Each structure stands twice: as C-alpha cells, then as structure tokens.
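Student: Here the protein sequences line up with chains A and B, keeping their order. Quick note: the first sequence uses numbering that gives the first Met the number 0, first residue 0, plus one each step. Quick note: the second sequence uses numbering that gives the first Met the number 0, first residue 0, plus one each step.
The hints are simulated quantities; they were obtained by calculation from the structure and are not laboratory data. Just so you know, these numbers come straight off a predicted model, no measurement behind them. Every residue, glycine too, gets a C-beta built ideally from N, C-alpha and C. Treat the hints with care, since some could be wrong.
[Stated by the list, open to error] Below are the SDA-like pairs computed for lysine to any residue, each with C-alpha atoms no more than 20 Å apart in a straight line:
{"hint": "1", "chain 1": "B", "residue 1": "LYS11", "chain 2": "A", "residue 2": "LEU16"}
{"hint": "2", "chain 1": "B", "residue 1": "LYS11", "chain 2": "A", "residue 2": "ALA11"}
{"hint": "3", "chain 1": "B", "residue 1": "LYS118", "chain 2": "B", "residue 2": "LYS39"}
{"hint": "4", "chain 1": "A", "residue 1": "LYS67", "chain 2": "A", "residue 2": "VAL31"}
{"hint": "5", "chain 1": "B", "residue 1": "LYS11", "chain 2": "A", "residue 2": "LYS137"}
{"hint": "6", "chain 1": "B", "residue 1": "LYS11", "chain 2": "A", "residue 2": "LYS55"}
{"hint": "7", "chain 1": "A", "residue 1": "LYS74", "chain 2": "A", "residue 2": "ASN10"}
{"hint": "8", "chain 1": "B", "residue 1": "LYS126", "chain 2": "B", "residue 2": "LYS29"}
{"hint": "9", "chain 1": "B", "residue 1": "LYS11", "chain 2": "A", "residue 2": "PHE15"}
{"hint": "10", "chain 1": "A", "residue 1": "LYS137", "chain 2": "A", "residue 2": "ASN73"}
{"hint": "11", "chain 1": "A", "residue 1": "LYS101", "chain 2": "A", "residue 2": "HIS42"}
{"hint": "12", "chain 1": "B", "residue 1": "LYS126", "chain 2": "B", "residue 2": "ILE221"}
{"hint": "13", "chain 1": "B", "residue 1": "LYS11", "chain 2": "A", "residue 2": "LEU22"}
{"hint": "14", "chain 1": "B", "residue 1": "LYS126", "chain 2": "B", "residue 2": "TRP48"}
{"hint": "15", "chain 1": "B", "residue 1": "LYS11", "chain 2": "A", "residue 2": "SER53"}
{"hint": "16", "chain 1": "B", "residue 1": "LYS11", "chain 2": "A", "residue 2": "GLN84"}
{"hint": "17", "chain 1": "B", "residue 1": "LYS11", "chain 2": "A", "residue 2": "VAL19"}
{"hint": "18", "chain 1": "B", "residue 1": "LYS20", "chain 2": "B", "residue 2": "PRO7"}
{"hint": "19", "chain 1": "B", "residue 1": "LYS11", "chain 2": "A", "residue 2": "GLU148"}
{"hint": "20", "chain 1": "B", "residue 1": "LYS126", "chain 2": "B", "residue 2": "GLN220"}
{"hint": "21", "chain 1": "B", "residue 1": "LYS11", "chain 2": "A", "residue 2": "ARG12"}
{"hint": "22", "chain 1": "A", "residue 1": "LYS106", "chain 2": "A", "residue 2": "ILE63"}
{"hint": "23", "chain 1": "A", "residue 1": "LYS67", "chain 2": "A", "residue 2": "ALA150"}
{"hint": "24", "chain 1": "B", "residue 1": "LYS11", "chain 2": "A", "residue 2": "LEU25"}
{"hint": "25", "chain 1": "A", "residue 1": "LYS67", "chain 2": "A", "residue 2": "GLN84"}
{"hint": "26", "chain 1": "B", "residue 1": "LYS11", "chain 2": "A", "residue 2": "LYS67"}
{"hint": "27", "chain 1": "A", "residue 1": "LYS106", "chain 2": "A", "residue 2": "ASN73"}
{"hint": "28", "chain 1": "A", "residue 1": "LYS55", "chain 2": "A", "residue 2": "PRO41"}
{"hint": "29", "chain 1": "A", "residue 1": "LYS74", "chain 2": "A", "residue 2": "SER53"}
{"hint": "30", "chain 1": "B", "residue 1": "LYS126", "chain 2": "B", "residue 2": "CYS138"}
{"hint": "31", "chain 1": "B", "residue 1": "LYS11", "chain 2": "B", "residue 2": "ILE40"}
{"hint": "32", "chain 1": "B", "residue 1": "LYS11", "chain 2": "A", "residue 2": "LEU20"}
{"hint": "33", "chain 1": "B", "residue 1": "LYS11", "chain 2": "A", "residue 2": "ALA21"}
{"hint": "34", "chain 1": "A", "residue 1": "LYS55", "chain 2": "A", "residue 2": "ASP142"}
{"hint": "35", "chain 1": "B", "residue 1": "LYS39", "chain 2": "B", "residue 2": "GLY187"}
[Claimed, not checked] FRET-style restraints, in silico, Cβ to Cβ:
{"hint": "36", "chain 1": "A", "residue 1": "PHE15", "chain 2": "B", "residue 2": "GLN74", "range": "48 to 54 Å"}
{"hint": "37", "chain 1": "A", "residue 1": "VAL19", "chain 2": "B", "residue 2": "GLU38", "range": "31 to 37 Å"}
{"hint": "38", "chain 1": "A", "residue 1": "VAL19", "chain 2": "B", "residue 2": "PRO128", "range": "42 to 48 Å"}
{"hint": "39", "chain 1": "A", "residue 1": "PRO132", "chain 2": "B", "residue 2": "LEU158", "range": "53 to 59 Å"}
{"hint": "40", "chain 1": "B", "residue 1": "SER147", "chain 2": "A", "residue 2": "GLU65", "range": "54 to 60 Å"}
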Amino acid sequence: MTTEILEAVSNARRRFLSAVLALFSLISVIGVVYPVGLFLWPHRKKVGGVAVRSIKISILEVPIGEAKFVRFLNKAAVIIHPNEQEVLALSAICTHLGCVVKWNGGKKELDCPCHGGRFDIRGNVLSGPPPAPLASYKARVEDEYIVIEEA
Amino acid sequence: MSSLRFGPVEIKNRLAVKAFKAIDDRFGVKEILDDEVFEKIAPSHLNFWSCFGGISFFLFISQVVTGMLLMIYYQPSVSQAHSSVAMIMNEVPFGWLIRGIHVWGSSLMLITIGVHMAKIYISGIYKAPRELNWVIGVCLFLMTLNLSFTGYLLPWTQLSYWATVVGTETPSAIPVVGEYIRFVLRGGEEIGQMTLTRFFAIHVIILPFVTAGLITLHLMQIRRQGISGPL
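I would like the entire structure built from these sequences, with the hints used as guidance.
Tutor: Laid out in structure tokens, this is it:
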C-alpha cells in the first residue's frame, strides 16, 4: 500500500519536473530564435532606404538623345530624352531575369547585358528573350525640370 | 519498441519515435548519445573546478556563433568598420546583445581558461602521460590571446587603433627579426587598411580553424587518457 502511494507521488513529481523542463526549454528556444531572427531580418532604414515616390531632376542632366539612370521606388529606372518635346521614364529592370539594362547611345536602345535582350526607347522588345516590355512611368517636363511619377 | 528513453526522459509520441528511429537505424546516434551523454557516469572525484575546461569550450562555441552573426553586418574597411559596428550597436535589432555577448564572452573565456589552467596545475593533472595535452592546452590559451588581440582592432576605434600600434610595436624589440615581425603583422610600415584586412582574416577564419582543430585534439586525448570530465 505505502509503496503504491510513494510510486504515485514519484510519478506526479516526475511529470511535474518534465513539464518544468519542457517549459524552460521552450523559453530558451524562443529567447534565441526571437532576437537572432530580428537581428538577421534586413531592416528598412539601412538596406534600400525609403522608397522615392517621385523624382524631380534638372532637364540639363539628360541632354537630348541621351539617357540617365536613377533610383525610383527603390529600383533602377532610366529617363530618356529622345527629342525636344518628349521625355520617357522606364523601369531599367529587364523583364527576362531581372538584370539592369544599359543605354546604347549609338543605336538609341536599351540592351540587357545578361542574355542580349533589346528594347526600344518606349520599352518595347526588339529582340532577345524578354517576354514583356519594360514597365513605364509617367514623365513630364515642368519648367526646367523633369518630373517622374508612378504610372 | 514504441518509446525512446534518453536518460530520465521518456518519449512516447509515436511520430517522434518513428522519425528518430529512421535516423538512428542509419547513423546509430542513440548508442553514441547513451555512451557519451545520457548513460555516462561522471567520476565521483570531479568537482566545481573541473567544469572550467568545458565552460571554456562552451564559450568558444558561443564566440563562433555570435561571430558569424556579427560578420553579417560588419564591414572590414577603414572607412566602414567603425560605422558598421556603430550600426550593429544602435540600429540592428538586438545587435547590442549579439555584440555584447561576443565582447564580454572573449573576456570571460580568458578568465575561465585561467581558472582551468590553475586547476590543472594545482591538481598536478599535467603530469605523465598528460604532458603533451598540457602543451596543447597552452597553445589553445595562446590562440585565445591572439583571437582577443586581433578582434580588438576590428571596431577601428581610437582605443583599438593605438592598442594595435603598441601591440605590433612590441615584437620589434626582438633582436634581428623584430622589425620583420612588425612589418608582417602590420602588412606594411604603418597600421592601415592592410592591417585591418589581415587582422580580420586571422580573426574570423585562420585562428578559429586552428583553435577548433586543437580543441579536437585536446578532447580526444582527454577521452583516450581517461580524464573524463562533465563536458
């Protein structure tokens, strides 16, 4: 009789200690995973910075027949000034696999250095693997400035 | 076989048991775990002071893990080193904690190694056949000192800069070869980008690898010679 009671008490104690062990293990795991997770997560302030929603640059920075690369919405974009009346703004990210296209001043087109995709000044695909035209943004001339906004 | 026993803990969850068995059938980990951890009987003569080698080992692991985390934000260039450390301390969430553990851990590691060496020396455990393991232990102590020295320069503060000026000037007092040692340590005549890059490589790759190798030898000899401690 006494041994049965002792055994029951000992089992209750064992279950209690196991629960305490499990609880402390859980707290320890959270105590490591939570700070390390936050530490590793790229934080907005330094990586990338605040997204610029509109850009205003002097028209002198983009001579006629030339292009200028800028950061817009945290991504590469290009401003093209093909003639007196017109300014164009395109995403500079190739629609094939995400490389940044380069301005080809001689042919007046945008070429992708990765797999040879070619785009005209309006972003339409001329040749190569890109499946879609480059995204375009609203661009207009205001006095002596070019203003870029989301389309 | 529907349950697993690890020392005092019994696991009954059928899925967990099945998953563990699948691994154990191939790797035989249960046998090793039982022999080395759960069923291992620590000799009765061991006491509080016997634990400091194991604590030093734990601190080394902690230094490796926090060091890997710090490397994610640290930039080893003269212009960026200090600002990247300031960023870890002030902007990265829990960066102060990770770097704090690394900085304090390095000092703590030297203290625990000191206690460990004192215990081994006072108890006479270095005597035959364990003399060579004592030598390996002294090498490990020197590795830790060098890790501390090279790590000290990395934040590129006034304190760390001038400490490295003094620290690399010291060996130049050695006759004949002294000047060359200083030249090699600094990677040039003066402390600059070359010194920082050198110290960074030594601190994060070369010394940790050498230390880990020496620790392996140290522990293997402990097992072989039978200084079985509560690791």
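Student: Hint by hint, note whether the structure agrees.
Tutor: Outcome of the hint check:
{"no.": "1", "hint": "B:LYS11 / A:LEU16", "result": "17 Å, holds"}
{"no.": "2", "hint": "B:LYS11 / A:ALA11", "result": "17 Å, holds"}
{"no.": "3", "hint": "B:LYS118 / B:LYS39", "result": "23 Å, violated"}
{"no.": "4", "hint": "A:LYS67 / A:VAL31", "result": "47 Å, violated"}
{"no.": "5", "hint": "B:LYS11 / A:LYS137", "result": "64 Å, violated"}
{"no.": "6", "hint": "B:LYS11 / A:LYS55", "result": "67 Å, violated"}
{"no.": "7", "hint": "A:LYS74 / A:ASN10", "result": "63 Å, violated"}
{"no.": "8", "hint": "B:LYS126 / B:LYS29", "result": "35 Å, violated"}
{"no.": "9", "hint": "B:LYS11 / A:PHE15", "result": "16 Å, holds"}
{"no.": "10", "hint": "A:LYS137 / A:ASN73", "result": "16 Å, holds"}
{"no.": "11", "hint": "A:LYS101 / A:HIS42", "result": "29 Å, violated"}
{"no.": "12", "hint": "B:LYS126 / B:ILE221", "result": "13 Å, holds"}
{"no.": "13", "hint": "B:LYS11 / A:LEU22", "result": "18 Å, holds"}
{"no.": "14", "hint": "B:LYS126 / B:TRP48", "result": "18 Å, holds"}
{"no.": "15", "hint": "B:LYS11 / A:SER53", "result": "61 Å, violated"}
{"no.": "16", "hint": "B:LYS11 / A:GLN84", "result": "78 Å, violated"}
{"no.": "17", "hint": "B:LYS11 / A:VAL19", "result": "18 Å, holds"}
{"no.": "18", "hint": "B:LYS20 / B:PRO7", "result": "19 Å, holds"}
{"no.": "19", "hint": "B:LYS11 / A:GLU148", "result": "62 Å, violated"}
{"no.": "20", "hint": "B:LYS126 / B:GLN220", "result": "14 Å, holds"}
{"no.": "21", "hint": "B:LYS11 / A:ARG12", "result": "18 Å, holds"}
{"no.": "22", "hint": "A:LYS106 / A:ILE63", "result": "14 Å, holds"}
{"no.": "23", "hint": "A:LYS67 / A:ALA150", "result": "19 Å, holds"}
{"no.": "24", "hint": "B:LYS11 / A:LEU25", "result": "19 Å, holds"}
{"no.": "25", "hint": "A:LYS67 / A:GLN84", "result": "17 Å, holds"}
{"no.": "26", "hint": "B:LYS11 / A:LYS67", "result": "67 Å, violated"}
{"no.": "27", "hint": "A:LYS106 / A:ASN73", "result": "28 Å, violated"}
{"no.": "28", "hint": "A:LYS55 / A:PRO41", "result": "29 Å, violated"}
{"no.": "29", "hint": "A:LYS74 / A:SER53", "result": "13 Å, holds"}
{"no.": "30", "hint": "B:LYS126 / B:CYS138", "result": "17 Å, holds"}
{"no.": "31", "hint": "B:LYS11 / B:ILE40", "result": "25 Å, violated"}
{"no.": "32", "hint": "B:LYS11 / A:LEU20", "result": "16 Å, holds"}
{"no.": "33", "hint": "B:LYS11 / A:ALA21", "result": "15 Å, holds"}
{"no.": "34", "hint": "A:LYS55 / A:ASP142", "result": "11 Å, holds"}
{"no.": "35", "hint": "B:LYS39 / B:GLY187", "result": "53 Å, violated"}
{"no.": "36", "hint": "A:PHE15 / B:GLN74: 48 to 54 Å", "result": "50 Å, holds"}
{"no.": "37", "hint": "A:VAL19 / B:GLU38: 31 to 37 Å", "result": "23 Å, violated"}
{"no.": "38", "hint": "A:VAL19 / B:PRO128: 42 to 48 Å", "result": "43 Å, holds"}
{"no.": "39", "hint": "A:PRO132 / B:LEU158: 53 to 59 Å", "result": "57 Å, holds"}
{"no.": "40", "hint": "B:SER147 / A:GLU65: 54 to 60 Å", "result": "55 Å, holds"}
Hint check: violations occur at hints 3, 4, 5, 6, 7, 8, 11, 15, 16, 19, 26, 27, 28, 31, 35 and 37; the rest are consistent with the structure.
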